[in-house]
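Trainee: Residue strings, one per chain:
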Amino acid sequence: MAEQNTLSRRALLMKLGVLLNGLVAIILALPIVRFLFSSVTRGRSGAYRSWVSLGSVDQFPEGQTRFATFRNPYVMPTDGKTVDTPCWVRHVTGTQFQVFAINCAHLGCPVRWFPQSGLFFCPCHGGVYYRDGSRAAGPPERGMFEYPNRVQNGAVWILAGELPTPGA
Amino acid sequence: MNSIARIGQWFHHRLPLADSILEMVQHPVPRNTASWWYVFGSASIVVFVLQVVTGIMLALTYVPSAAEAWTSLQSLDHNVALGWFIRALHGWGSNFMVAIVLLHMVQVFLFGAYKYPRELTWVVGVFLLLMTLGMAFTGQIMRFDQDAYWGLGIGASVTSRVPFVGPALVEFLLGGPIIAGATLSRFFALHVFVIPALLIAFIGLHLLMVVKLGINEWPMPGRLVKKSTYESQYRELIKKEGIAFFPYAIWKDVVFAAIVITAIAACAAFFGPFGPSGEPDPTIIQTAPKPDYFFLWLYAILALLPPSLETPALFIGPAIVIAALLLLPFLFGEGEKSWRRRPMAVLSIVLLAISLATVTHLAGSAPWSPEMGAWSGQPVPQKFLQGRTALQRQGALVFQGKQCRNCHALDGKGGQRGPALDAVATRLTQDQLIRQVLQGRGNMPAYGNNLSPAETTALVAFLETLHPVGQRPARDASGVAGTADARPSPPTRR
Numbered sequence: 001m002a003e004q005n006t007l008s009r010r011a012l013l014m015k016l017g018v019l020l021n022g023l024v025a026i027i028l029a030l031p032i033v034r035f036l037f038s039s040v041t042r043g044r045s046g047a048y049r050s051w052v053s054l055g056s057v058d059q060f061p062e063g064q065t066r067f068a069t070f071r072n073p074y075v076m077p078t079d080g081k082t083v084d085t086p087c088w089v090r091h092v093t094g095t096q097f098q099v100f101a102i103n104c105a106h107l108g109c110p111v112r113w114f115p116q117s118g119l120f121f122c123p124c125h126g127g128v129y130y131r132d133g134s135r136a137a138g139p140p141e142r143g144m145f146e147y148p149n150r151v152q153n154g155a156v157w158i159l160a161g162e163l164p165t166p167g168a
Numbered sequence: 001m002n003s004i005a006r007i008g009q010w011f012h013h014r015l016p017l018a019d020s021i022l023e024m025v026q027h028p029v030p031r032n033t034a035s036w037w038y039v040f041g042s043a044s045i046v047v048f049v050l051q052v053v054t055g056i057m058l059a060l061t062y063v064p065s066a067a068e069a070w071t072s073l074q075s076l077d078h079n080v081a082l083g084w085f086i087r088a089l090h091g092w093g094s095n096f097m098v099a100i101v102l103l104h105m106v107q108v109f110l111f112g113a114y115k116y117p118r119e120l121t122w123v124v125g126v127f128l129l130l131m132t133l134g135m136a137f138t139g140q141i142m143r144f145d146q147d148a149y150w151g152l153g154i155g156a157s158v159t160s161r162v163p164f165v166g167p168a169l170v171e172f173l174l175g176g177p178i179i180a181g182a183t184l185s186r187f188f189a190l191h192v193f194v195i196p197a198l199l200i201a202f203i204g205l206h207l208l209m210v211v212k213l214g215i216n217e218w219p220m221p222g223r224l225v226k227k228s229t230y231e232s233q234y235r236e237l238i239k240k241e242g243i244a245f246f247p248y249a250i251w252k253d254v255v256f257a258a259i260v261i262t263a264i265a266a267c268a269a270f271f272g273p274f275g276p277s278g279e280p281d282p283t284i285i286q287t288a289p290k291p292d293y294f295f296l297w298l299y300a301i302l303a304l305l306p307p308s309l310e311t312p313a314l315f316i317g318p319a320i321v322i323a324a325l326l327l328l329p330f331l332f333g334e335g336e337k338s339w340r341r342r343p344m345a346v347l348s349i350v351l352l353a354i355s356l357a358t359v360t361h362l363a364g365s366a367p368w369s370p371e372m373g374a375w376s377g378q379p380v381p382q383k384f385l386q387g388r389t390a391l392q393r394q395g396a397l398v399f400q401g402k403q404c405r406n407c408h409a410l411d412g413k414g415g416q417r418g419p420a421l422d423a424v425a426t427r428l429t430q431d432q433l434i435r436q437v438l439q440g441r442g443n444m445p446a447y448g449n450n451l452s453p454a455e456t457t458a459l460v461a462f463l464e465t466l467h468p469v470g471q472r473p474a475r476d477a478s479g480v481a482g483t484a485d486a487r488p489s490p491p492t493r494r
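Going down the list, the protein sequences come from chains A and B. Each residue of the first sequence is one higher than the one before, counting from 1 in the numbering used here. Each residue of the second sequence is one higher than the one before, counting from 1 in the numbering used here.
For the record, the hints were derived by calculation from the structure and aren't laboratory data. Since no wrong hints were added, every one of them can be taken at face value.
Negatives, chain B to chain A, calculated, CB over 12 Å:
#, residue
1, 10
2, 56
3, 394
4, 453
5, 475
The following label-pair restraints were derived from C-beta to C-beta distances:
#, chain 1, residue 1, chain 2, residue 2, range
6, B, 198, A, 93, 54 to 62 Å
7, B, 331, A, 116, 54 to 62 Å
8, B, 353, A, 19, 54 to 62 Å
9, A, 11, B, 331, 39 to 47 Å
10, B, 211, A, 9, 37 to 45 Å
11, A, 21, B, 341, 52 to 60 Å
12, A, 94, B, 306, 37 to 45 Å
13, A, 148, B, 357, 46 to 54 Å
14, B, 330, A, 36, 32 to 40 Å
15, A, 159, B, 331, 49 to 57 Å
16, A, 134, B, 331, 47 to 55 Å
17, B, 78, A, 19, 54 to 62 Å
18, B, 358, A, 134, 30 to 38 Å
Each computed SDA-like pair below joins lysine to any residue, with the alpha-carbon atoms no more than 20 Å apart:
#, chain 1, residue 1, chain 2, residue 2
19, A, 81, B, 75
20, B, 212, B, 240
21, A, 81, B, 67
22, B, 383, B, 471
23, A, 81, B, 288
24, A, 81, B, 278
25, A, 81, B, 283
26, A, 81, B, 275
Note that CB positions come from ideal geometry on N, CA and C, so glycine has one too.
Okay, chain A solo, but in the shape it has when bound (with noise of 0.2 Å):
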């Protein structure tokens, strides 16, 4: 009977342990796995995204497409010059802009406009786009990844922040 009782309580302070173990690791694990993911969080809700301007109207001359580049809002202090963004800004008329991110909508490229045809093409696959962004050509299922704009206070604005992918 003594036997019995002891095997008893020594099983059950070994549950406890594991219960204990359990508890302390869930404890833990909660704020790990929100450090892990916090990236993702940040990202679903919206909050790496916000409107940057590319600078006054006048550079962008009407019926043209230029080179721009950002810096991105969203900085960390090791980011060095990868926060600088390129893209393409075309002119169409008045107030009226079309931005496309320099991100091929195949792979992620980086495209190149050719003004004396009017298309962008994509060095890796050939991919290429008319000046409004369209699918012209290649393996690209989509046209150009367009950042919404406006035009305020003389300036042209994009709402930018996130890496353009074809999955987004």
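Place chain B on chain A using the hints.
Mentor: What follows is chain B alone, placed relative to chain A:
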């Protein structure tokens, strides 16, 4: 007792490991496995140790920060004595490691070593291969140059296509909204802590299984593996012709390891380190990123697949390959081991090797990429201009000025994205040329909005001159329209 033996005794008394180590290194192996075919596994470990050592050396100078990684590699290459050589050793070591691991796998596959009871050894080996490739991929990112930056962009684009969770997965992968400091930091953690730790653990497991289960015997054609009899047969074989791995079988491993390390050092010394290419500044867009050698096949496949098949192929393809590798020993765990009696096994290896070599070779020249500078850098060959009319020469100017040359070669120079146009007039009539230029088709954009009627007329006039001397250009079957060149020659009657 001399002093060395006494020190040995002292340690043995407090750290009784000697017996286990002796058991390990002296484990018996069948005499005929002391072969040059059995050296790839040990060579992989030797190269791995080299990678760990040179990796630690590099970490003494390297700074895993997006702002400084590239500059720290510059100072490794140019300011630190022999920093370039350590970088080169690490880079070439990575190439050799992937190659030797693959060779090891092919040998194990052809010798039937994955069969009973070594199924789990094979499965662990498959994970070791995946980790090795993971190290090669993350290592490329450590260079943090233009190729690494845009390569990450490609990785993000591919990841984003995962159904439902794609965009969230991209943010997880990048550690933020864009490719930046956090991205490099997490790939650094993977490359330096996570994957190496897993590699070491799995290598230990892999080795333990090899020692405990015994090395695969040399396969004899006709000697079939049966679960009921294999182990007793193997024990008998060991009893009859077993030799201690150390010192009787190991010397070939040692010699091969020395050859491999010498080869790596020679490549490092002669060819130097890989990259870094340009600075990781996204605003420098004059770049055409290309992956390192061992991922060129993937680059080629992404370019060659029809767009609609890309997404399924990207996710289902690798899943099928990995599943097939993992299931192999369970589906074919018994039976013939010798490659002499397994023609399908030999055939699949040959097929795989040829396919990989072909797409890798193709990726070297990347004919699917437009040549972005051809329109301004490659003049129209003289022979296509001599004796031409003013209109035709004007057309040649349009041809260059509208960047046609970026995709279409003349005289072997220019892009290869589209067909070469040296003899286009023999394939297309005037009407067809006009239609193709204005409306485009397939992989060619429509130029209708970007060419004036005068430019179109001139361009087509030039294109119509592109046919070999003595070969008539294509004509409309109705025979009425004809082309500029065909006009003087009326239909002949015999």
